[in-house]
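**Student:** Heads up: the protein sequence lines correspond to chains F and B, in order.
Just so you know, the first sequence maps onto residues 1 to 475 in the numbering used here.
Just so you know, the second sequence maps onto residues 1 to 475 in the numbering used here.
Simulated from the structure, these hints should not be mistaken for lab results.
Possibly wrong hints are sitting among the right ones.
Which copy? The list can't say, so a pair holds if one copy fits it or any two copies do.
In the DSSO-like style, the derived pairs of lysine-lysine whose C-alpha atoms are separated by at most 30 Å in a straight line are [said to hold, decoys possible]:
| id | residue 1 | residue 2 |
| --- | --- | --- |
| 1 | Lys33 | Lys63 |
| 2 | Lys63 | Lys25 |
| 3 | Lys58 | Lys168 |
| 4 | Lys48 | Lys308 |
| 5 | Lys442 | Lys25 |
| 6 | Lys463 | Lys201 |
| 7 | Lys25 | Lys237 |
| 8 | Lys405 | Lys416 |
There are 2 protein chains.
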Amino acid sequence: MKNNKITSRDVDFAKWYTDVVNAAKLSTYSNTKGCLVIEPNGYAIWEKMQQVLDYEFKKTGHKNVYMPLLIPENLMKKEGELIEGFAPEVAWVTEGGQKHLEERLCIRPTSETLFSDYYSNVVKSYRDLPLLYNQWCNVFRWEKETRPFLRSREFLWQEGHTVHATKKEAEEETLRMLNIYNDFFHNYLAIPSIIGKKTNKEKFAGAEYTYTVEALMYNGVALQSGTSHYFGQKFSKAYDIKFLNKDNNLEYAYQTSWGVTTRMIGALIMVHSDDYGLVLPPKIAPNQVVIIPIGDTEEVNTLANTYKEILNKNNISCYIDNSEKTPGFKFAEAEVNGIPIRIEIGKRDLENNNITIVRRDTREKLSYSTNQNIVEIVTDLFNKIQTNLYDKALIRRNSMTFRAKNLDELKNIMEKQPGFVHGLWCGDEACELKVKEIKGTKSRCIPLDKEHIDNGKCMVCGKDAKCEVVWGIQY
Amino acid sequence: MKNNKITSRDVDFAKWYTDVVNAAKLSTYSNTKGCLVIEPNGYAIWEKMQQVLDYEFKKTGHKNVYMPLLIPENLMKKEGELIEGFAPEVAWVTEGGQKHLEERLCIRPTSETLFSDYYSNVVKSYRDLPLLYNQWCNVFRWEKETRPFLRSREFLWQEGHTVHATKKEAEEETLRMLNIYNDFFHNYLAIPSIIGKKTNKEKFAGAEYTYTVEALMYNGVALQSGTSHYFGQKFSKAYDIKFLNKDNNLEYAYQTSWGVTTRMIGALIMVHSDDYGLVLPPKIAPNQVVIIPIGDTEEVNTLANTYKEILNKNNISCYIDNSEKTPGFKFAEAEVNGIPIRIEIGKRDLENNNITIVRRDTREKLSYSTNQNIVEIVTDLFNKIQTNLYDKALIRRNSMTFRAKNLDELKNIMEKQPGFVHGLWCGDEACELKVKEIKGTKSRCIPLDKEHIDNGKCMVCGKDAKCEVVWGIQY
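Can you make the complete structure from the sequences, with help from the hints?
**Tutor:** Below is the structure:
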């Protein structure tokens with residue numbers, strides 16, 4: 001039942017990706033250049049992601065707020081590095097209410113400026129701190145290319161922005177949120193991400209340092225999938241966020257920001273999906289089970305309804321496909337849409353007290369007796385699917401993880417099979433730029449335990465290495 | 001414990017409103033003109049509203065999607081009435097990626113255009129219909145005045161957009177969503193809203209007709225609080241949304257749209273709150289119960305924790321105020337923030353196995369024995385508070401609901417005490433404009449059962465009346 005609308009993943013990965021997005025009805029191009037429509041199947045995945053992350057944010061004391069969409073040019077420019085980094089990418093509103101505006105307003109590419117401006121008004125004393133705020137919203141960056149979920153002028157995300165009384169607390173927060181993202185990737189998305197620090201060149205404009213969550217796609221290309229920034233006092237000095245500390249002295253506050261976007265949907269697709277369409281880990285699938293009755297008999301329908309009811313009651317999302325299509329068509333549709341488990345209830349099977357269950361990940365057909373507990377069967381399969389997807393992705397990632405001692409080795413690897421390449425680095429940007437000449441390979445991150453290397457030589461210049469870097473080709 | 005920061009509601013209603021918004025930390029002005037920051041306390045109310053409404057939308061078969069923020073000028077202009085209605089209010093992006101754009105992009109004031117454009121691509125056959133989509137997003141309208149939640153250039157809302165194969169189904173949908181809004185106002189917001197049709201002059205630009213939910217504020221001013229529009233084939237003809245009907249003929253589809261906004265938070269404040277601050281119905285309060293320990297003894301703390309745990313377990317949101325403030329300060333804070341129930345656990349009371357519970361709505365202090373079941377006590381009080389708030393609002397609304405037989409009577413009423421004034425109307429816009437001369441009184445709606453009046457005369461011109469109108473002064 002190979003889906004004819006989907007190009008094979010191993011033949012043309014880029015085409016395969018677009019085909020899966022289209023076939024599973026996740027997203028489509030709009031008439032606004034560079035902007036996409038997120039269709040119901042795609043948006044439902046985003047809602048699941050939001051639900052889990054929002055719970056984790058709130059559990060760690062964060063609160064949601066909403067800041068304006070538009071930022072006056074002067075406010076945007078107060079911190080120099082940020083506007084420098086984003087200037088090429090912003091969209092400007094210059095007319096409103098049928099008048100030409102005296103000051104341009106930019107559509108937020110990110111909201112450090114507005115949060116900082118707000119914080120400068122409300123933070124007075126160490127007693128007000130920390131302030132742990134987050135917002136779910138749309139942002140806009142004038143990208144030149146458009147790829148559903150991966151790159152578009154407008155995208156959806158959450159951006160956490162926090163203020164702290166001490167450097168230590170702010171640095172802990174930066175790491176805390178990085179770990180929440182990393183756990184989310186492992187436990188929900190079944191993606192074995194790696195975490196680390198960005199090099200100075202790759203860090204966020206305006207940050208003292210940036211942590212990143214990096215994931216490796218099926219084709220060996222790396223995807224930056226979430227970031228957590230430590231700002232120190234950079235923004236608090238630019239926006240005048242001062243507080244009376246415990247010694248009654250005025251001090252600039254310490255800030256962080258962190259975010260993940262709808263790009264995670266792209267990562268999900270490129271790690272798990274196959275030539276039959278979307279594959280979703282049960283823990284993030286909006287529809288976890290589909291029941292397909294075969295043969296319109298009372299027994300078949302009764303059992304379908306009983307299953308649906310009992311699964312829903314146990315917080316398993318489940319629907320019956322009662323449409324007028326043929327069973328074969330329904331199977332293919334469930335497959336292309338990535339429903340983790342499909343239960344087929346056939347008239348003849350039922351005479352022998354049997355049902356058939358098909359796992360989306362392995363496409364195995366399994367036979368069960370109707371005497372067995374359906375909730376137990378499904379829960380058990382969910383665990384197996386979730387684990388299997390993670391393990392498969394890990395094995396694949398490991399098979400595409402290499403080590404290079406010099407540029408020739410890196411080149412050989414990247415030309416044969418791109419992946420994550422571990423290599424030592426002296427810390428000099430010139431060396432980083434030399435690596436980039438090899439198929440655009442960039443430093444992805446410096447793993448947390450590899451920030452200081454004692455004995456080793458830089459992969460590029462051969463001088464003493466400072467740290468180990470994971471290199472890769474980026475989306 | 002009258003809050004000194006809050007002007008009395010009966011002295012200066014507008015000032016009182018702003019004071020409550022500030023004191024309860026719901027929202028504050030930003031440095032982007034006409035745009036507001038929604039602070040945690042305000043945003044949490046919006047999240048509760050979203051949660052309830054989203055559940056109702058999904059229960060009735062609607063799915064969430066996301067459409068682009070920006071609309072190309074030509075796409076926006078395809079349907080003439082819509083752009084005519086919104087032209088004075090839109091903001092235009094004219095620069096992006098450091099270039100001047102060939103075509104201006106407007107920030108969505110509403111998304112009929114983008115939904116219709118999308119539908120024209122995906123609707124082929126009656127089998128594809130209905131499509132019942134909704135989106136939660138920000139919209140932008142270049143307003144001249146700014147009032148937190150009531151009027152601001154950017155606001156948050158949901159906009160449902162549906163396509164149907166028949167006029168009948170589309171009209172049913174329009175009414176279904178109106179009723180969902182109305183039920184939400186009654187059952188959750190405890191606001192006795194009235195529903196009806198807008199006159200032709202007051203309907204949404206581009207709609208065949210508009211239903212509205214109207215609520216009366218404490219000061220007798222009317223607030224349009226939700227709308228549901230029937231478009232017929234207006235947009236489907238402009239955007240070419242055609243489908244093959246059951247007879248295999250191409251037919252233009254039938255559409256609706258419906259929305260409610262963060263303005264509902266303004267309605268909540270202006271209907272229920274008082275000189276002590278915010279008052280929230282328990283069913284929409286983000287924090288439903290606050291426990292205030294008085295005296296730092298083990299017994300006090302143990303009971304506080306036990307209560308918190310058991311209430312949370314029963315899906316009642318509850319927190320303990322363990323801050324270093326004085327009990328008096330904590331009481332005032334709980335009051336100003338509108339926490340429906342405050343439980344005071346005092347060391348001395350506890351020696352007699354007593355606790356004190358204070359209702360926010362009536363400010364009554366009630367004594368209970370620690371032997372009583374706390375979940376039952378709280379649940380029972382929630383019901384009483386919810387009912388009391390609704391009943392009080394209904395009594396007040398009724399006391400401000402009048403009937404006028406001619407313009408003099410209307411004038412007398414509006415000058416003494418504005419409110420809802422029922423009066424017959426001939427259907428002529430000239431008469432509607434004459435009514436407007438009286439303190440800006442507008443038609444709020446034509447109640448559903450008063451669309452056709454047989455025996456009666458127009459309140460303005462004395463000719464035969466067509467229908468009854470509820471008139472009022474609008475926010």
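**Student:** Provide an ascending list of the numbers of those earlier hints which the structure does not satisfy.
**Tutor:** Hint 5 alone not satisfied by this model.
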